[in-house]
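S.K.: Each chain, written out:
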Amino acid sequence: MSKSVGKSVARVDAYEKATGRAKYMDDLCDRSALVVKICHAAIAHGYVRSIDTAQAETVPGVVRVLTCFDVPNLPFPTAGHPWSTDPAHQDVADRLLLNRHVRYFGDEVAVVIAEDEVAAMQGVRALKVTYDELPFVLDVQKAMEDGAPQIHEEFPNNILKHTDLRKGDYQKAILEPGLIRVEGWYDTPTVQHCHIENHGCFAYMDAGRMVVVSSTQIPHIVRRVVGQALGLPWGKVRLIKPYIGGGFGNKQDALYEPLCAWCSTMVGGRLVKLECTREETFVSNRVRHAIRTHIISYVRPDGTLVARKFEAFSNQGAYASHGHGVVAKGMGAFPQLYPCDNLECDCWSVFTNRPAAGAMRGYGIPQAMFAGESHIDDICKAVGMVPLEFRRKNLMPVGYVDGFSKNELYTDTFNQCMDKGMAAIDYERKLREYQNQTGPVRKGIGLAVFWYNTAVWPISLESSSCRMVLNQDGSLQFQTGETEIGQGCDTAYSQMVADAVGVPLRDVHVVSSQDTDVTPFGTGAYASRQTYIGGFSIAQTAAALRERILEIAHEQTRMPVSNLDLADGQIVRKSDGRVLKSLGDLATESLYSLENSQHITAETTAQIKSNAYSFGCSFVEVEVDIPMCKVKLLHMVNVHDCGRLINPALAEAQVHGGMSMAIGYGLSEELKFDEETGRPLNNNLLDYKLSTFMDHPTLEVGFVENPEPTSPFGTKALGEPPACSGAPAIRNAILNATGVAIDCCPITPHVLYRQFKEAGLITD
Amino acid sequence: MEKHLTQYQTVCFNLNGKDVERTVDVRASLTDLLRNDFRQTSVKKGCEVGECGACNVLIDGEAFNSCIYLAVWAEGKKVRTLEGLLGPNGELSDIQQAFVDESAIQCGFCSPGFILTAVEILESGKAYTDEELRKLLSGHLCRCTGYENILRAVKKTMYRRLGRELPQE
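Here the protein sequences line up with chains A and B, keeping their order.
The opening residue of the first sequence carries number 0 in numbering that gives the first Met the number 0; numbering runs sequentially from there.
The opening residue of the second sequence carries number 0 in numbering that gives the first Met the number 0; numbering runs sequentially from there.
So here's chain A without its partners, still in its complex pose (with noise of 0.2 Å):
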């Protein structure tokens, strides 16, 4: 039956990216555009004492200057999070488009607008901005103690949230004699998503209502912000998404769009262009979460789990945007990836002085990964295990539950994956190669895996919803509120239209572009949700038109619905398989008849409430030179299980992008700041070290395939798993090679020089 879901077909978007034709938010706004630049606070701390604009305002070409004096106080949230009707389980309002209190070095303080980039640029220097400073904090821990500066008043000892998780006795199961404690800290940095198109948005009012095109991975939320920040009615706002040049979590925010749009109210509603610098982009987008989590684990000597303890700080910067959301995905990984009876499990989201952290591939299990998969390879070095067997022995079993998701390992996912991993790098054979080295160069291989809940019920809202148009020839419009960002979704969704309809795949014309006015409502990109989510809207209002075109068919064939099938575009009777008519000559006699004349669409919104469990693992080899303090990547191979592949080479495509983040992630990029002034000190692409084609060993990728059974068309997240054990995997062939438990990522040579030392291998 099924005829393109599977297949590897070409993008839908691969010509016009393939030519430069493809629009993105700067390729569509007219060049009459006023622009906006940005100026950002010089200080990490403290309040804007006053802002004198008069030098700026006499800048030729400068038409409007607006500081965080001219505002309204309208606090508005910015995460990409569904709203929640319930005042309880909204997003924190923490935000003003232009900020007298200043919580990072960056913060927005004021504006220029300007008939050039030039002029406003100018304007933004001759700007004299006075503060009364105050002190600042950028480390996680610190900002808890009493006393550290506070950030936001409502959030005592700068505390955004706590939760925990409690299962068992931990205190009285610990006593149990002939334990092995195995405790460790494991840092991780703040990173950016360094997408290549940075944020930008231009705005304008048409009619009376605010238009806003952006480069967002979530048009309908980011209306709703915009909403919000201006006090307009959710529906004078209009938001469109174009091609996106990459998102990876950052643009699943409500960025400048509000400033944006606020912009253009104050200039009497004309065009206006906000774009970030990639200097912006690092410090004033979103970042990831830098999380410090301690781990203590009490272990039997034959590898039982008898007790463990798990706490993680996480660096949530100057502001909430997706909040304690991010460190609670990764504390919930903990009990489930590798059950145990005792638990006391504790995670805090803490406001620092730095930049503020949202929303970026993988939402906090890269961090927990790399933390609980690093621990688990101590636990072995502790108590003598094979990192492999270890895992075979205590990884969630086949059968398990979550209580609160209800998701179900259905399958021995785990175990397939892996086997597919060591097989492909020869697991036991360099296990054994690697074992007695002593040289100063030594080999090492490890491994890590992942567990990644798709989607974000039940914690919230999952719905999508989608139309379909039929068109004189047969074919078909696609429309959907679910977003393509790079990742592909809009070629998956061809695909599983086509068959769900049953039209040839040619005959669907996705419309790739999100327009709030015209495009169904849907929440965008993230969570890895779209190709399971969107599944569900497309499997049911495929099923609405065709039940549509089958009763029309009825009408211009005489024969029973029952005896009526669409298939490959064609109208077929069931019982000789005969061909009636095309799908076109249906849909052209429909359209023009005089007695009844019908336009053949359908809409639904589908509403889901289950989630699935998308899993893998990341193997890897390494090299370290011990007195050179570097590691070389040999080989990398990460293994997925996310359900059916739609489109295996996109899928493929899709992993190694996620390894490539991996990399960087684990041995080169880290935003640093400055201890003296809290002022980033990498914000470029030249010193903040994002892995370069020449950082990358071959990308080797398998897939285990067993169909998700809560999802129509058997899938699951893909989108942001192969993101989430390469660091882990890497840190583990380095504790292999040389027999040091690295405590962070990423694994610079300073860091392995510190590492080292300590450990004895090399000496001053």
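By construction, these hints were calculated from the structure, which means they are not laboratory data.
Honestly, I wouldn't trust all of these hints.
To be verified - In silico DSBU-like cross-links for lysine-lysine, where the CA-CA straight-line distance does not exceed 30 Å: (1) 429(A) - 442(A); (2) 429(A) - 125(B); (3) 17(B) - 442(A); (4) 76(B) - 629(A); (5) 166(A) - 429(A); (6) 671(A) - 429(A); (7) 155(B) - 419(A); (8) 134(B) - 671(A); (9) 171(A) - 380(A); (10) 134(B) - 631(A); (11) 419(A) - 429(A); (12) 77(B) - 22(A); (13) 155(B) - 2(A); (14) 22(A) - 76(B); (15) 134(B) - 77(B); (16) 76(B) - 631(A); (17) 2(A) - 629(A); (18) 380(A) - 631(A); (19) 380(A) - 392(A); (20) 392(A) - 171(A); (21) 392(A) - 405(A); (22) 76(B) - 6(A); (23) 125(B) - 22(A); (24) 155(B) - 125(B); (25) 688(A) - 134(B); (26) 17(B) - 631(A); (27) 17(B) - 77(B); (28) 22(A) - 155(B); (29) 688(A) - 608(A); (30) 671(A) - 127(A).
Unchecked claim - Computed footprint of chain A on chain B; a stretch qualifies when at least three of its residues, placed anywhere within it, have a C-beta under 8 Å from a C-beta of chain A: (31) 38 to 48; (32) 72 to 83; (33) 96 to 108; (34) 131 to 139.
All of these numbers come straight from a predicted model, not from anything done at the bench.
Glycine residues also receive a C-beta, built at the ideal position from the N, C-alpha and C atoms.
Got chain A; can you put chain B on it based on the hints?
M.R.: Using the frame of chain A, we list chain B on its own:
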């Protein structure tokens, strides 16, 4: 007024085979000129300081980050953008088709720059090893692909143009 005038200069160059002339702000980058005056949407802005490679164009056959190349420097040069690769009926060139076939394109923002550096590599007529190709392509950053399929696309096209079989891995 005089100060205003001295900021502009006329530049004559060849863009994708056609002689063109524009009066530009002497401070403007070639990226700005190509995007604003010629609507070459393939020329992308990712950093505007020569770090990411998204704005790459070929100048007299050599790859340059057009964001740090002044528009006035294009005087007398032959400038090629991705738009110039397309056949008269919209046919993709072999390297563009290889990017499509090998799933080397995701968000598409780095793709034009990569493809033009690939053209420079391919037009050299040389056979490069994987390591050499990685180095030659390393002026471009990509966050979506892990570079794997980009390497495959360039390598496949290089072998095809050289009339050789692609070695089996």
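S.K.: Run through the hints listed earlier and report the numbers of any the structure violates, in increasing order.
M.R.: Of the numbered hints given earlier, those the structure breaks are 2, 3, 4, 5, 6, 16, 17, 22, 23, 26, 29, listed in rising order.
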